[in-house]
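Number of protein chains: 2
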Amino acid sequence: MSGSLNDDDKKMSRSGLINFNSIGLFLDYYELTMAKADLDHKNFNIITENYYVRKIPQGAYLVSAGLEQVIQFIENFKIAKEDTEWLNSTSGKDFDEKFYKYLQDFKFGGDVYAAPEGTVIFPNEPIINITGRSLDIQLFETYLLNVMNYQTLIATKASRVVRSAKGKDVIDFGARRAHGRDAAILGARAAFIGGVTGTSLVMAGRIWDIPYVGTMAHKFVQDRESELNAFREYAESFPHNSILLIDTYDTLKGARNACIIGKELRKKGFELKGVRLDSGNLLDLSEKVRKILDDGGLTQTKIFASNDLDEFVIEKLLQENAPIDGFGVGTRLITGANYNSITHEGNVSALNGIYKIVERIEGDTAIPKMKMTDDISKATLPGRKQVYRRSESGRFIEDTITIWDEKPDSKYDWHPLLIPIIKNGKPIFDFPSLDEIKEYTVDQIRMLPDGVKKNYGAQEYPVKLSNQINELINNILQSDKDNSQ
Amino acid sequence: MSGSLNDDDKKMSRSGLINFNSIGLFLDYYELTMAKADLDHKNFNIITENYYVRKIPQGAYLVSAGLEQVIQFIENFKIAKEDTEWLNSTSGKDFDEKFYKYLQDFKFGGDVYAAPEGTVIFPNEPIINITGRSLDIQLFETYLLNVMNYQTLIATKASRVVRSAKGKDVIDFGARRAHGRDAAILGARAAFIGGVTGTSLVMAGRIWDIPYVGTMAHKFVQDRESELNAFREYAESFPHNSILLIDTYDTLKGARNACIIGKELRKKGFELKGVRLDSGNLLDLSEKVRKILDDGGLTQTKIFASNDLDEFVIEKLLQENAPIDGFGVGTRLITGANYNSITHEGNVSALNGIYKIVERIEGDTAIPKMKMTDDISKATLPGRKQVYRRSESGRFIEDTITIWDEKPDSKYDWHPLLIPIIKNGKPIFDFPSLDEIKEYTVDQIRMLPDGVKKNYGAQEYPVKLSNQINELINNILQSDKDNSQ
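Residue numbers (the working numbering), protein chains in the order written: chain P, 623 to 1107; chain H, 623 to 1107.
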């Protein structure tokens, strides 16, 4: 049965999504059953759902990423007839023709407001507001969460790593440890948004125009009679662009072999670009290798390092003045490892962002919604909301979360974070290039107070709730208790 | 530039891969530069590379998964002319026409031996042996590692969770926290191999024929005047298949509302299938809810639980006799969280499997290769290897890693784990269905000694090195030192 998909003409869009006729199948089954119950009971209410994060798993800020993919999903959402037939044959008769027709004809007619990618965001702030028929917009939940949670996790991690590297190059080396192909490709995208210089993954270069780079593997050295011979062959092929991996046998001998090659290259008019360390004590080795290279006259040859790096290790290496010029960061970047690699404390490698109903229109009245259960940590701020931020002297000062048409304290200049992306089903946002997003992110991180950015003991950024939100919370707590009767 | 990809007809195969003309671009750049240097220097040596795992990040065994995707990648590897043109325009003239032609005409002519998916595997055991031209087989490195590391991580995690659930249903709820679409789809596949009953992700059902299931979200309750009304509408739409989420407001009131609906359904000839808990103290709540349901006569209505579950939490709940009938496991399953959620100790959410050269043919002689650097933890076992396993009374007793044509201790019956998958470029393995792989995995886990399976204090499974391997290691240590000169 599953084989039938092989026979179809399925396309992949720039988004990395399956762009075939049934992109909409990327949802959790309960979204279909709830939609069917909505259709059965003519629940065509307009609601607003918010994407937001309750708690930041590591550090004190997030860099939002993934919006472009969310919008491509919403614009292209559909489930083709062949797939509703498949649903019919496999779902135990949960659905009917009316519902299948609804899925086949699906068209989003609502509004999306969102913080542009690269925006710095804090807990409980809405990152995306989707307003539309309750029936329809629940179908976006799984993919929206999937792609926003992952890319925001990685863009945030990348910004932490890049900041710790203090201007030295950081390259994404993560593809081999990413959780599947999408994770590598979308992860390279998010890491670039977060500030990395390039990626090792050629396909990410192809899809996103991210600079791609590489050195050599141990295999190349082992597959020659000697390390020196391997270095020489590589340098002959890439005289302008050789980074030699020197730790296959003995790192210091490797450095001396690199000196021999560097001198040979110089005779031909080239400089040896660099050497790479991938094991051992990087502080000690980088110091010794730097000395060997300098003594050999290769003062311009750079030292690159890899091997289970992250922001904590890099910060420590640079505090100790390790003479390392660039970092290849793999596993802990591309999995968004939410823990401190030095203290081994932390959280699961995921961002627990959620997509929750916050308002329901009944007739002409907007009824704010708030989930308030036994578990207080799972509460949701009620109402369709906006986030206002104010800055002074090029630094963010504070945010206020307000009800949509409420204005924050008029003493100050504020600007709203959520801007229109789709209106009445029509895309109206001109998506920036990845380079533009990256520049915007650099600016955002620059404006963030220094204390909020720290790897250790990061300070909380001030986020206030408006008066109207506080009032709503008090009102709802009472009425929800009544509703549960 | 990146836009050009949109215009092509790109297909996705059953594997979840991008099946367009340049699937081969999913590689790290250094694989291309090394191949170019190989081609320049006519290095057409035949080598063997091994995929294996040095250290298991959690527990004492691995369940191998991902082989089918690796083989699809190898069979379909190519880089089209439009993409070599792109490489030429973006790579700073690292390559030439001869190399582009090589990529366009790529065809693998070697051998692949591997442990079938679902096989239980231990540290340092080769899981995949690829033999072919050094030039060619390095190009498989990134995707092989990506898909094997991820699926093996998830199949292993799933088998741990499922074993802890002691026969109760475990459902993959992970799509929203998976690292992109592939992670959700391939993760559902791997989790099914590892033993889960089904998935919430409809697309995983579509692609892999995995049973898909669902309940309802808080949104459905909040989008109605009352919880009771929401339950009633859902039950009207799915009288045969309703699982009511009872923790939106007050879990115990929710359970009493479920009783009302259960009685209404019974009058129509249906039974309320279940209720779901998604917050709070699951032991306490499940006991109280069970009592409310039983007192209401709904003894057949099941209790399902979700909320940051994993093997440790489930084991604890069942040790305390929580009356829970099934578990929805999300984040910690689909990210393969390699830590103990109760003690908060553990590792990054990745499997650090590697792909290393182990043998090189020179003329008629096989030269075993071993990486032996300053960092002993990064050593590689030399030689093209086989793994032999022996069993007694339906339990695995021990493994011996041997050189390819060496036989282990003849006192016992052994069987080889690595079987032929591709010979001289031709696929000769008939890939089993996912159901067959799952059955095989169940059998493998059953045969594993109990001590090896424990969540706490798991025992190491005995894996020996053959005499020939031990001899090789000693020989190579000396000669590698010489080679580094």
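There's no promise every hint is true.
No distinction is drawn between identical chains; accordingly, a pair holds when it is met within one copy or between any pair of copies.
Claimed, not checked - Computed list of lysine-lysine pairs in BS3-like fashion (alpha-carbon distance at most 25 angstroms, straight line):
hint	residue 1	residue 2
1	715	889
2	664	890
3	703	723
4	895	1076
5	875	889
6	924	715
7	890	715
8	885	1033
9	1086	1029
10	890	875
If you are wondering where the hints come from, they were derived from the structure by calculation, not from laboratory data.
| task | Up to 25 angstroms between alpha-carbons, please classify residue 924 paired with residue 715: within, between, both or neither. | result | Close across copies (21 angstroms), not inside one copy (65 angstroms); limit 25 angstroms.
| Homo-oligomer pair classification [residue 890, residue 664; C-alpha up to 25 angstroms] | Between copies only: 22 angstroms across, 78 angstroms inside.
| said: I want to check one pair: residue 895 and residue 1076. Are their C-alpha atoms no more than 25 angstroms apart within a copy, between two copies, both, or neither? | reply: Intra 33 angstroms, inter 50 angstroms, cutoff 25 angstroms: neither.
| Using 25 angstroms as the alpha-carbon threshold, which applies to residue 885 and residue 1033: within, between, both, or neither? | Classified as neither; 66 angstroms inside a copy, 59 angstroms across copies.
| query | Between copies, within a copy, both or neither: which fits residue 715 and residue 889 at Cα up to 25 angstroms? | reply | For residue 715 and residue 889, only the inter-copy Cα distance (21 angstroms) is at most 25 angstroms; the intra-copy one is 77 angstroms.
| Status of residue 715 relative to residue 890 across identical chains (alpha carbons, at most 25 angstroms) | between (75 angstroms within a copy, 18 angstroms between copies)
| field | Homomeric proximity label, residue 703 with residue 723: Cα distance no greater than 25 angstroms | value | within (8 angstroms within a copy, 42 angstroms between copies)
| field | Within, between, both or neither, where residue 875 and residue 889 count as close if Cα-Cα is 25 angstroms or less | value | within (22 angstroms within a copy, 84 angstroms between copies)
| query | With identical chains treated as interchangeable, where does the CA-CA distance between residue 890 and residue 875 reach 25 angstroms or less: within a copy, between copies, both, or neither? | reply | Only inside one copy: residue 890 and residue 875 sit 23 angstroms apart there, 82 angstroms across copies, limit 25 angstroms.
| Is it within, between, both or neither when you check residue 1086 against residue 1029 at 25 angstroms Cα-Cα? | within (13 angstroms within a copy, 71 angstroms between copies)
In terms of the numbered hints stated before, the structure departs from hints 4, 8, listed from lowest to highest.
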